[in-house]
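J.: Spelled out from the first residue to the last, the chains are:
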Amino acid sequence: MKRRWWHRWLVTPGELSKLGVVGLNARNGRYLLPNNPRRLYRSVDDKVRTKELAFEMGLPTPKLYGTFSSPGELRHIGKLLDEHESFVIKPARGSGGKGVLVVTGRKGDFFLKGSGSSLTLSDVRFHADNILGGLFSLGGRRDVAMVEQFIQCSQDVMGLSYRGAPDIRVVMLHGYPVMAMLRLATKESDGRANLHQGAIGVGIDLETGLSHHAVCHGRPVEIHPDLDCPLIGQQIPQWELVLKLAALCYEMTGLGYLGADIMIGCQTGPMLIEVNARPGLAIQLANAEGLRRRFERVQEEAMRMKGSASVEERIEFSRHVLTPFAKERKEKALSSLGG
Amino acid sequence: MKRKSALLWVVVLALFGTALYLSIYKRYQLGIPFFPGDKVESWVVEAQVRFQAEGRPVRVELALPDFEVPDLPRQQVASEGYGYTEVVERGQSRIGRWSARNRSGLQNLYYQIHVREELLLSTREQRGEASAMQAMPIGGANSVIAAANRLLDECRDLSSDAETFVAQLTARLWGEITSQDAAILKRSYQKRYGDGWGQILLTELLAAEAIPTRRAWGVILNDELGPQRPIEMVEYYDGYFWRSSESSPAREPGKLAVWARGDALLDVRGGRSSEVFFFVEKNVAPLEATLSLQDAPFWVGTIASLPVKERNVFRYISLIPVGAFVIVVLRNLVGLSMLGTFMPVLLSLSFLEIPLRPALVMFALILAAGLSFRFFLTKLNLLVVPRVAACVVVVTLLMIALGLISFKLGMMDGLRVTVFPMIVLAWTIERMSLLWDEEGASAALWQVAGSLAAALAAYLIMIIREVNYWAQYFPELLLLLLAGILLIGRYTGYRASELIRFRSFVGK
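Going line by line, the protein sequences match chains L and D.
For the record, in the first sequence the residue sitting at position 328 is 357 according to this note's numbering, with numbers rising by one throughout.
For the record, in the second sequence the residue sitting at position 376 is 673 according to this note's numbering, with numbers rising by one throughout.
Here chain D stands alone, though its shape is the one from the complex (with noise of 0.2 Å):
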């Protein structure tokens, strides 16, 4: 016994060490702050680009981001096999070329990128020039040109400028000033072009207006969204300034920064079904941090220097030691009693991704028709299996048709109630309706309420800003939980509920 309890300290001492020792390390070696800033910092954005090669040579062309500043931001190019130099051509983009001989089957190729917000976003505006240009009549069938020109008119009449005019035509085209002709154009050269029809139609409406334009690219700076397609947009030139607009109907929600210009964002020979998508992922520490911290030796590792795409993934799962320390708390030192020992962690893991309240009602909801399906089960007189497994289907049934009520209703969270774990669910819906039947009904709702009280305050704790940002950039402060979590593990005195169990004991 008292061997144990000395190799115990000596391995909680151990881990607090070697928690302290690398986050100060970390501190003061690599300058990453203990607490995350104000504001958002920097972005990753990562672009992926995949295709079938064809097993002749390979050139892949994309277009990258130009800085107007004389250091080019941080860049990382990952492909295995490929070679890779850049270009610089005049009114384009830097264009990266990967290239390779006589590949075969699917390929990816990564280009990250480390900038500052304030940089990226100020890609949206650019000093330049243009050569002066024609005015370029659009084309078509006569009620195309006709509802091109009565469009064109009353945009001209109301705009003083270059910047205004494509406000006035973007908010018709696109935004929330209804218009008749613009209907008519959208419909035509949607038939007409398909794909990419937005920035056509704009390009060719400016065009008649003389106002040079060029292609763009953007990128939604939201690290909600995972991978996303690029936008499509179009610059003008007002005189001073490359401007940007965007030139499609409806994106996510989040800031858009443009990513590059030219003639082609993707140009691959050698291969076909060429794909490009973007990953973003923000830095909370400054960016100088985050850089040091990829070139530090790999035992200080964060989650930081990996690809953005896992980065979204590991970042969830460092928070699932949180959640798992608040269930040993709550059981151990509270004496809370939960339906399945680590339920609430997964619960809390998919409240994470949406709102609460919708999550709460739509956690409701199911457990309530699912437990009543349960019910109508039993008197079938199914075996255990089958039933878990039925009340699967209809835990999955329930989900889709929620999805779709709450988007016929408009209420957009409602479609994201695929967050929950349904196995979960189902098994937490047949061990309810056993202790319903085994101990009532009060006994099965004091106990998912006493889950619902564990997810919540796991939840609650794995939102702090600081908490995540630790699990983020310090990961192995997760050893001092660890270290928590041993010692509790040898705590032998009273659960907080046993106060109460035992109180008869006194005084009669």
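Here chain L stands alone, though its shape is the one from the complex (with noise of 0.2 Å):
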């Protein structure tokens, strides 16, 4: 699309349109409403009942370590986390990545978290106080801190990350993958992969597991802020095993339009972290696409199939009928990788 003088300060609907750009309003109105009742978000939004799931359905996931619900039972925490090396707590309904508390090693009496400070004991059993009493939780509702296995991320990835954690998110419809891309910390984020607050979006060509194209801050980036390195033409590793992964979603918890958050760990492969019910719209920026054609591709799909399709048959549609819609950026991809 040519660019105009308004373009430094806005687009407008016509232009946003015919990019295919979903906006909140229709996502909620068309994608999210009609596809996911109500009585599904249980699974999702209470993240001990979808680790039970996925151990069900045989997915990979952090190990739980053990949960708290009440203060009284925090008295014991100490006792449990000598049990381990290094380990993640978080609130069970937190939304947004808040309050996950990540301790990697120690040192003597202290736990270290990845951005390398160090918190004593009470620290730790104050911050599982904080998800009991609500804090991090949607409207304040009491809530229960769960402690589970730390994940070291692969090499390949982790490089890219400053400080934190990258995961991959897969946004999915009816089952068919739709649109990736990887979430990468930067010094501003503070480790934690979060957008808004400064992290780096990578869009992912679901075909090959290649990243094409970057943002920061809603900005086209090429290189890491913070460690120079390049950004696009990276592999993902093991991208079959993250999409089959994403895709097992569904079945496991009949969401029509959900996010599956990946971490892909150096000795354990692909890990489902969470499932997100209303996986926001960044991942677009991230794409440099709009999500509205792929949407509506994969609605004619599974129109046609009428459900039948199995794993293997979404991902190969995925794969091969929704990318080459970005088939230029793509080969662009593919000779910086070869440069």
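By construction, these hints were calculated from the structure, which means they are not laboratory data.
Among the hints, a few may not be true.
List of simulated lysine-lysine pairs, DSSO-like, C-alpha gap at most 27 Å [to be verified]:
{"#": "1", "chain 1": "D", "residue 1": "K676", "chain 2": "L", "residue 2": "K127"}
{"#": "2", "chain 1": "L", "residue 1": "K136", "chain 2": "D", "residue 2": "K676"}
{"#": "3", "chain 1": "L", "residue 1": "K47", "chain 2": "L", "residue 2": "K127"}
{"#": "4", "chain 1": "D", "residue 1": "K301", "chain 2": "L", "residue 2": "K335"}
{"#": "5", "chain 1": "D", "residue 1": "K301", "chain 2": "L", "residue 2": "K216"}
Which residues of chain L face chain D? A few of them, derived with a C-beta cut under 8 Å, are [stated by the list, open to error]:
{"#": "6", "residue": "G58"}
{"#": "7", "residue": "D75"}
{"#": "8", "residue": "G107"}
{"#": "9", "residue": "N305"}
{"#": "10", "residue": "A306"}
{"#": "11", "residue": "G309"}
{"#": "12", "residue": "A317"}
C-beta atoms are modelled at their ideal positions from N, C-alpha and C, and glycine is treated no differently.
Two chains, two frames, some hints: make the complex.
T.: Here it is, written out as structure tokens:
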């Protein structure tokens, strides 16, 4: 599209529509509300429940070491933590990565955070107490604190992220992968992979698992601002497994529209971290492409197959039918990989 | 999907039709104009008598307003299980008399009247007669008598007739002219008579000048006051007219009308702790229209047919949907991010009650102080609910402090700080501080700015005179808002903020 003077400040609705960008109202009204019945939210909003479901389905997720649902139980947290060198404490009903405490190791009596700072046992207990009090959950409701296995990320992607674990978000409609992005922490995002806190969103090509575009604060970037490594043309390891894991989330939860958050462990391979029933729209910016055309193609296909498509068929469709929309960009990514 | 859309359109059209039908019916059958008039047309004044009945026969007499017009204005009496009659005695106001046998417990009697404003204000001056009277010298201690004589001499010297004499006198007693003698008199009468001393003092001073007087009680025409006690007044005869004069030191602002005159305003037998309160309410629509609304079938009901006390509450309540609509527009069409979904509506309702600038200053002060206290609380490692509760306590203390300080500085607006919803403020502070920690100061400030902008937008729409008028007299127009909200609920287009958010899509 030709650049006009007003594009410095805004795009017109007509242009956005031509680009196939999906807005929040459209996401809610067209994809979220019709496809995600309220009763299914329970299985993803409570992460303990998600873990149980994933275990039944045989999907790899970080091991659950224990849960704490009352301040009284927190007295025993020290004993539980002693058994593990590293762990993650997070709220069962948190959203947007709030309240996640990552402990990567020990130094004497101290716990070491991913960012390098150290905590005492009472700091950790206070954090868990805040989780129980509902500090990080929607509407301040009481919550459960979960302690789970810390996943050491594969060096292929860890090398792209500044002091924080990168994760892959795959947006799914009717069980078909629609779009994927890699989220990388920066100095500004403080180890977290939240795009609006300054993390980098990297668009991933569904067919190959190659990164082809990246944005930070909504603006395109090609090089990580803190690590100086190139962001374009990077290969996500075990890409087929990532897609399969994401696609199985549909069978697991029954949600028509979902976002699967996946981490790639260096020994364990791709692991499902959580499932999001209301995935955001920043993935469009990361891929420099609107979601709408892909959604429409998937809807046609789902209608045609009437839900009979197997996981492999769905992935096959996504990889070979959806992506040619971004063909030109893919070629660019491949060429930068060659050079 | 298709069927759902059809259903939506049917509902929207039905709402539209009902709203239009009802308002057209009101306009042409009941004669209520679509737009408010330029001036205040009439007032509803309601007197509420309250007392504790003691299980004996009860008789209540309340002095009522008289008007020098052939037909009485529209009046209504509400009192369950009481007989009601009216009596007129010479030289006195009309008296309404309620009677019943064997009542006990708290009793409430209501008397309501609809009057044009000119008619109400004309009561300040009445043509009439009075029997000539002898001068009655002031009694009491020597110092009081001497002070009274000096005061009377001074006023007599500076006046030409009864009217100017009273003006001089009241200016010294309660007005801008300071007078040593007036101060002595005031102190002594206050000590001697307690409540109602002003009326007695003025009556006795005028009696000393042989000016005929009678007691009277007034009502302030200001519908922002809420319940008001009767204002003590004295009427004096200047040879042609009975004129009225206030006889109390200070009162709320607003025009004053004489409610009744005579020996007593209220006389209750068979009860104790009796009180009278007045409630007044502006009618912006012509009087005839208001009256025909009260007679209309219940399905065209408006707030106008409610008792005055409740009308004030419903006037605010009927504005809440307007605020909710503004929020829906700002969220789903504009894409403004705010703290809490409907917090801005509550905020804008508080803006309605105090002038905007002090309201904004107070809001900012409370928020800033509360926030800094909240950061201090973070260091104490408290659990969530106790922390918010602590914030509530601090916000309360801040409000009291703000009220006291502004009172000391003579800024009366500060006293009305209580209109802010305290719990909402405390949660706003809590949410804001979380945002501050999680996403940085700028995100938190932006969201507060968004909430404030939304509250301001809602406020600016709520204070439009027409909007107020429609909410009061055409509440069925709220159905149009409902239809609008339903339609926005199905809008799947872009929000204005997304036009900015996705701008980097074009042109690389």
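J.: With reference to the structure, classify each hint as holding or not holding.
T.: Hint by hint, here is what the structure shows:
1. A distance of roughly 19 Å separates the Cα atoms of D:K676 and L:K127; the hinted pair therefore holds under the 27 Å criterion.
2. Restraint check: the Cα-Cα separation between L:K136 and D:K676 comes to about 25 Å, which is no more than 27 Å; the hinted pair holds.
3. A distance of roughly 35 Å separates the Cα atoms of L:K47 and L:K127; the hinted pair therefore is violated under the 27 Å criterion.
4. Our distance criterion of 27 Å between C-alpha atoms is met by D:K301 and L:K335, whose separation comes to about 22 Å.
5. For the proposed pair D:K301 and L:K216, the alpha carbon gap of about 48 Å is over 27 Å, so the pair is violated.
6. Nearest Cβ of chain D to the Cβ of L:G58: about 4 Å, under the 8 Å cut. The hint holds.
7. Hint status for L:D75 relative to chain D: violated, with the closest Cβ pair at about 19 Å, above 8 Å.
8. Against a cut-off of 8 Å between C-beta atoms, the interface hint on L:G107 is violated, since the closest Cβ of chain D lies about 17 Å away.
9. Annotation: interface hint on L:N305 violated; nearest CB of chain D at approximately 18 Å, more than 8 Å.
10. A hinted interface residue such as L:A306 counts as satisfied when its beta carbon comes closer than 8 Å to some beta carbon of chain D; here the least separation is about 19 Å, so the hint is violated.
11. The beta carbon of L:G309 is not positioned within 8 Å of any beta carbon in chain D (closest approach about 11 Å), and the interface hint is therefore violated.
12. At about 7 Å, the closest approach between the beta carbon of L:A317 and any beta carbon in chain D falls short of 8 Å, and the interface hint on this residue holds.
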